[in-house]
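Engineer: Here is how the chains run, residue by residue.
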Amino acid sequence: MTTYFGVDVADVIETMPSRFRKEAAAGISGRFGYDLGEAGRWRLAVRDGDAALAPAEDLDDCLAVVATDPQTFVGIQLGKIDATEAMALQKLTVAGDRGAFGSITRLFQKYLPPGEEALPDTELVVLKQTISVGQTFATGPVMGRFLKGLKQKKILAMRCPVCGRLQSPPREICAVCRVRNTEWVEVGPKGEMRMLEYVYYASPDPLTGETRETPYGAIGVLLDGCRDEEVFWHLLNPAQLDRVQMGSVIDGQVRHGSRLRPVWAENRTGSIDDIQYFELDD
Amino acid sequence: MQSDFDTSDCYTIEGKLALPYTYFAGRVGSRFITTLRDQHKIMGVRCDACDTVFVPPRQTCERCLGDLTDSWCEVGSRGRVVNFTVVRYPDRHLPRPVPYVLAMILLEGADTPIVHLLEGIPPEQVAVDMAVEAVFAETTTHTIRDIDHFKPCDA
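So the protein lines, in turn, are chains A and B.
Taken in order, the first sequence gives residues 4 to 285; the numbers are from this note's numbering.
Taken in order, the second sequence gives residues 94 to 248; the numbers are from this note's numbering.
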């Protein structure tokens with residue numbers, strides 16, 4: 004008895020009738036030949052939902068004949084050899100009506116070596132997929148005007164008519180007073196660094212799914228014209244992470260942080276990325 | 094919105110977020126799927142302590158938290174409808190064009206119903222207690238969709 008991958012090829016062949024899926028064979032009929040080298044030549048006759056398998060020297064009456072060696076045959080049955088690859092390497096050939104032959108390969112339940120019926124699988128089902136989420140962001144009139152300003156290398160803020168607070172990026176309503184902001188003010192573009200976060204785990208950019216190289220610096224810049232906590236959030240030139248100083252206000256004592264300037268993108272489209280990042284203004 | 098609302102600064106920004114992910118069916122789930130795929134058999138697990146057969150199978154009993162990983166049993170591919178809904182709101186991610194029927198089916202030998210598509214009958218005629226049987230898929234997706242749908246059958 005010749006075994007391949009621990010399996011007796013004769014068992015694979017002889018169990019074909021018992022593994023035949025009658026319910027899938029409607030409308031399929033014909034004779035199909037298997038030329039399996041040392042494992043012999045076989046004719047499979049499919050008709051009216053039944054399949055009969057018998058040794059046959061002469062396969063000329065078959066619709067299609069598959070020719071391969073026993074090892075490739077068993078390997079494909081067990082899923083250890085890819086049939087398409089075997090064909091490309093010419094270890095398996097199909098003569099005659101290939102389409103008809105393709106239809107009958109689906110008619111057999113998968114071969115399970117004896118003793119493996121009790122534990123049919125150690126195979127783990129792992130599926131890889133990519134979900135693609137298309138999105139449309141609407142700027143509204145205020146964000147739209149701010150982003151258009153970036154396109155022109157201007158950083159715009161809005162001022163609250165009640166508390167005088169500047170906000171950039173701007174909001175339609177003052178976050179503190181809840182009244183509609185009315186005035187546009189140009190700020191910066193330079194400023195001092197008031198906050199720095201070292202980011203080690205980057206979230207994906209919602210517009211592209213890309214993630215930044217880490218670590219990177221997320222910074223709050225107090226732009227010229229702004230006061231107190233009216234910082235502008237953006238990125239730091241990653242090469243300067245270790246050279247910058249954070250400014251602070253503690254018990255009224257002001258300590259100025261590194262002076263920064265924006266680096267504008269060559270190709271500006273009206274997006275927050277029209278500023279690539281801020282860097283030391285030295 | 095006011096009729097004099099100025100939209101000259103309003104525009105839209107398009108984006109596409111790609112989220113690659115890996116789904117792992119788990120050891121118990123994998124066995125359920127591969128048995129379904131390769132032998133067209135539907136497997137469940139039995140909790141002897143609670144006398145309950147769970148289909149689809151799970152690793153631990155939901156009631157007593159007993160380990161069910163070695164307590165496999167086969168259930169029939171026929172069953173009866175214990176509940177159903179008719180999906181009428183279309184979406185391109187859905188498995189079928191609307192309207193279609195999702196049924197909760199209690200398979201022979203199972204104590205928990207599975208949810209699957211019910212086809213071959215107008216939605217208005219679907220009724221609880223109908224006898225149905227599984228129709229297996231021609232090509233595998235390595236998922237529960239290896240059962241393509243259920244169809245009515247003789248009781």
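If you're looking for bench data, these hints aren't it; they were derived computationally from the structure.
Values in this document were obtained by computation on a predicted structure and should not be read as measured data.
Treat the hints with care, since some could be wrong.
[To be verified] Here chain A is said to cover these stretches of chain B; the calculated rule only asks that three of the stretch's residues, wherever they fall, bring their Cβ under 8 Å from a Cβ of chain A: (1) 103 to 111; (2) 169 to 179; (3) 192 to 205; (4) 224 to 237.
Ideal Cβ placement from N, Cα and C applies to all residues, glycine included.
Engineer: Are there three or more residues in the region 169 to 179 of chain B whose C-beta lies closer than 8 Å to some C-beta of chain A?
Structural biologist: With 0 residues close enough to chain A, the hint is violated.
Engineer: Quick one: see if chain A covers the region 224 to 237 of chain B, three-plus residues with Cβ-Cβ under 8 Å.
Structural biologist: It holds, with 5 qualifying residues against the three required.
Engineer: Go check the region 192 to 205 of chain B versus chain A for me, would you? Three or more residues, Cβ under 8 Å, otherwise it fails.
Structural biologist: violated (count 0)
Engineer: Count the residues of the region 103 to 111 of chain B with a beta-carbon closer than 8 Å to any beta-carbon of chain A: does the count reach three?
Structural biologist: With 9 residues closer than 8 Å to chain A, the region 103 to 111 of chain B meets the three-residue bar; holds.
Hint check: violations occur at hints 2, 3; the rest are consistent with the structure.
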